[in-house]
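Visitor: Listed below, chain by chain, are the residues.
There are 2 protein chains.
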Amino acid sequence: MREELIRLRNEMEKAGVSLYIACDCDDHLSEYVDDYYKSMKFVSGFTGGDGTLVVTMDEAALWTDGRYFIQAAIELKDSGIELMKMGEPDCPDMYEWISEKLPKSSAIGFDGRCIPANMTERIEGKIPGISFISADLVGRIWDDRPAKTQNPVMVLKDWQTGRTVSEKLKDIRDELSKRGADSTVISACDDIAWTLNMRGSDIAYNPVFASFLIIDTETATLFITGEHLTGEAMDHLAEAGVRVENDTEKVYEAAGRLSGRVLVEKEMTSYEMLNCIRAEKVFGLGAAARLKNFKNATEMDNIRKAQIEDSIAVTRYMYFFKHELLMGNVLTECTAAARLHELRTERTGFNGESFPTISAYGENAAMCHYEPDESRDVVVEERGLYLCDSGGHYDCGTTDITRTWACGPLTDEERKAYTLVAIGNLRLAAAVFPRGTAAITLDYAARKPLWDNGMNFNHGTGHGVGYILNVHERPAGIRYRSTAYDCFNVMDEGVYVSDEPGYYAEGKFGIRLENMLLCVNNGGMCGFETVTFVPFDSECIDVSLMSDEDIRLYNEYHSAVYEKIVPHLCGAEREWLKEATAPIARF
Amino acid sequence: MREELIRLRNEMEKAGVSLYIACDCDDHLSEYVDDYYKSMKFVSGFTGGDGTLVVTMDEAALWTDGRYFIQAAIELKDSGIELMKMGEPDCPDMYEWISEKLPKSSAIGFDGRCIPANMTERIEGKIPGISFISADLVGRIWDDRPAKTQNPVMVLKDWQTGRTVSEKLKDIRDELSKRGADSTVISACDDIAWTLNMRGSDIAYNPVFASFLIIDTETATLFITGEHLTGEAMDHLAEAGVRVENDTEKVYEAAGRLSGRVLVEKEMTSYEMLNCIRAEKVFGLGAAARLKNFKNATEMDNIRKAQIEDSIAVTRYMYFFKHELLMGNVLTECTAAARLHELRTERTGFNGESFPTISAYGENAAMCHYEPDESRDVVVEERGLYLCDSGGHYDCGTTDITRTWACGPLTDEERKAYTLVAIGNLRLAAAVFPRGTAAITLDYAARKPLWDNGMNFNHGTGHGVGYILNVHERPAGIRYRSTAYDCFNVMDEGVYVSDEPGYYAEGKFGIRLENMLLCVNNGGMCGFETVTFVPFDSECIDVSLMSDEDIRLYNEYHSAVYEKIVPHLCGAEREWLKEATAPIARF
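Those protein sequences? They're chains C and Z, same order as listed.
Position 84 (the first sequence) corresponds to 84 in my numbering; numbering is contiguous.
Position 256 (the second sequence) corresponds to 256 in my numbering; numbering is contiguous.
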């Protein structure tokens, strides 16, 4: 059993807490968090990006989703913590479990600034009258806890934003009025960065800065520790009439002073923040989040440019990888990923990866969010499939792309799965639909080829991507299960969403093919513009599984890849691309 | 301008109301209502099944959806009431309109027992601090108002229900506990009928009885006026421990006395009922509604039988119709519908239509909920399309079916639209998907053939159907726009839903093809079992628009129709069915 679990239980006893909840949450409920906030990881040893640890005096369990089942099973072995596989039929509901395990008339503990308000509400739903003790018990046992990161904030240029801060504040106030609210408290760092046309680097991979923003009908106040702001940033904020409060602690008092009606996004507000707001609340997706979901014309144009840069890097990487194998050179998951990083570094405006590169050979690719590890690096063999999921931040946008390709001979199972995934990817990209279509309606286009064969994959088909921002952006998403965001998750011009069906055979292989799509409205109906231009691997395709229309879509895409990318290549790369994008046909 | 509008404004002035809302709602928020409750119809003259009338001192507007645009435009002509076409891009949001038109610090009036609580809440969201005056002003000007209907209640047999009232009450209490509630107030008459295994006839087409039901952890109380209950019904209720309160007025006091947490379905609870409940509320789909959405094995078996009976009647009707035309006999919308009624009357266990039959020739079929009218009956000509949407209540289930067929030569536009609608119908029925798939994900299967051609239709692709109950049953539905029910509208064994894509060309023709589907779980994945067996019209099909798979699905369905129905036909009908279901092929 883990030492940290024993020490946490000691603190629980002292604090009078019978059950403690730890998640890797910060006070902004960010997806990626500064190491300072990784309490779940500290206690459990599980390093996956998403999970919730619940500890009682004699049991402990960790809930995580399909992306992390395999990784979590390995990391939680002998920890004294049971793995709960969310979405599996026999997985107990976390809230049910809590209500069953909690001794009568005892209290639940957690760090109230770092837990989503809707989580504590669901607990209250299950256990009416439950009392909560908000205390950072993990902090008390965390001797070498890392310091909080604070880096300077950067101001975007006009050519990057397409809309000034003053204009965005007006848009947000209009949205608040439409929703019957007078003000809003924004905890989500990406919403703040978008609103203020500024970016930071406080969190790995997410170009945001730790802060809070309160907007009412007259004023806008940014709560941020003083060391973040350069003179340029101060001038920029002053020009838009945004006041600066140099102590983030003060946001809780300020939220408490709001009157009228306050728009609150429960999913992105902490227990403590929600309790601070005493005024009447209107619940729903944040106003800035709703607006930034539809990229403006400047953002769309820049995204197209960023995608060309990124597609050149990844296409060259595919050539490099295939060529090394052909030459008989040794490639490992880590050395390959390092080469991809170099190729991105050569591109105009590249500022860093948008998330940790997944470079996974063979069975490792079946772990959806696998990260290669230098200490146990894996050599690529001349058979089976290699999967690479990566993305970049550019001066003109954020990218996300996954390709899977053959390293040598494939099994029939691999070829069939690859072909069905490719068909799903292309059919979703080709969908035509009216404005306002619920995004989850479109998931069928991507999954039908797999479902018809009794196959499926355990993650969303698509997620929103930010503009020079987080690689996962709410509310956009293409999936087949309903969520709280459904009514805001509608398709219209400017939605920027990934198209990434996959298939995972545990212990054998993993396949995912991901392009980024921009929703465009061509007069009457909407459709998608695919903005990623990197070949699929025709060596993996079983043409007999494709309809004529599938073959047409496949060849059309490859022809576009060739046209867009070949001008940026030279010599052998050009020749290879011509071959790699040559039309396929039924025999 | 309508006289009724002028008189209503007089009453508004007396009552101190600046804006009055009238909808054809009863105190159970039923879809079909007793004539007593049709205030919107009384004031506006619009006879469509769904609409909301808003009247100010100098303006009046009526919101209705795509099914009724054409009908409403005709009926509202010169009424002084503006038609608001919901879903059209330029249609003002009703709540926006109300907040714009309402004079400062004035009151909104309505009959609080006959208005959905979520409607008044949305108004409060738009106009914080608004005051409401609950008063039935329409009642004050309605001199010859019809009396309320009260018919005796019938008890279902065990072979019909598959589950006793005691078992259902236990299931409901389990569901309440899962949702964190101790009790529930049920206003929805179909939920009450299902729970108590009883049926009534107080409302046209819906076999329910006007009543309320309160269930807590220990007791269940039915509020119903005494004249409804036969001795058999009293014994049946006593056996299950259900108490009877013979004064429906008392339900409001009883709701007010509830303590603990009360599950309330806001969409099916009136403003006044919601305000009566002083205990803490848990909002969401009603517990009985959630359970009855998944038909049990007995219900599914009976539904299959009811569907065979109904399919025989409609198949024979199609033969009759085509034969009459061939013989050169005169057919009208009304005489044809009368023949269909006769054919249903001959079937075992038929108890009446489940909604008014839509029998529509030519351009009339473009009005989705058109009803033929004897006073201006329409003769069927020997060209174009005829559409018939109808359904029956049987001792063993409720049906709903639409067929469209050729009366003579068709235009290319008609043939193309018919073929695309047929393809959509068959593809949805053939869908394969995991348990728990959001129903709206599947809508893409039905709409893709139309969307790919820049076409669409302005109603849901599917709605839930009750078992010996209402032909429209929540929460099931297949559509591409998000609603409040999405998180409960998931697919699993026993969901009974219609599959009815269509296409409507205003002033020209209308097409709809509707089969009923039962969701079945064949081991790993779910799929649909089509339970309606009536031919499509191969004369309307343009095979060149179909894929090989579409042709296979079409022929497979026709072969099943022949097999199931031919044993019940004789002579010329048999010959005709053989021809009508003969395989189609590409030339």
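Keep in mind the hints are simulated off the structure, nothing from the lab.
Warning: the hint list may mix true and false statements.
Unchecked claim - Part of the chain C face toward chain Z, derived, beta carbon under 8 Å:
{"hint": "1", "residue": "F132"}
{"hint": "2", "residue": "D136"}
{"hint": "3", "residue": "G139"}
{"hint": "4", "residue": "F350"}
{"hint": "5", "residue": "H463"}
{"hint": "6", "residue": "Y480"}
To be verified - Straight-line C-alpha distance at most 27 Å; calculated DSS-like pairs for lysine-lysine:
{"hint": "7", "chain 1": "Z", "residue 1": "K126", "chain 2": "C", "residue 2": "K170"}
{"hint": "8", "chain 1": "Z", "residue 1": "K266", "chain 2": "C", "residue 2": "K281"}
{"hint": "9", "chain 1": "Z", "residue 1": "K508", "chain 2": "Z", "residue 2": "K305"}
{"hint": "10", "chain 1": "Z", "residue 1": "K305", "chain 2": "C", "residue 2": "K101"}
Bear in mind the structure is a predicted one, so any value in this text is a computation, not a measurement.
The beta-carbon is built from N, C-alpha and C at its ideal position, and this holds for glycine as well.
Visitor: So which of those numbered hints doesn't the model satisfy?
Guide: Hints 1, 2, 3, 4, 5, 9, 10 contradicted; others consistent.
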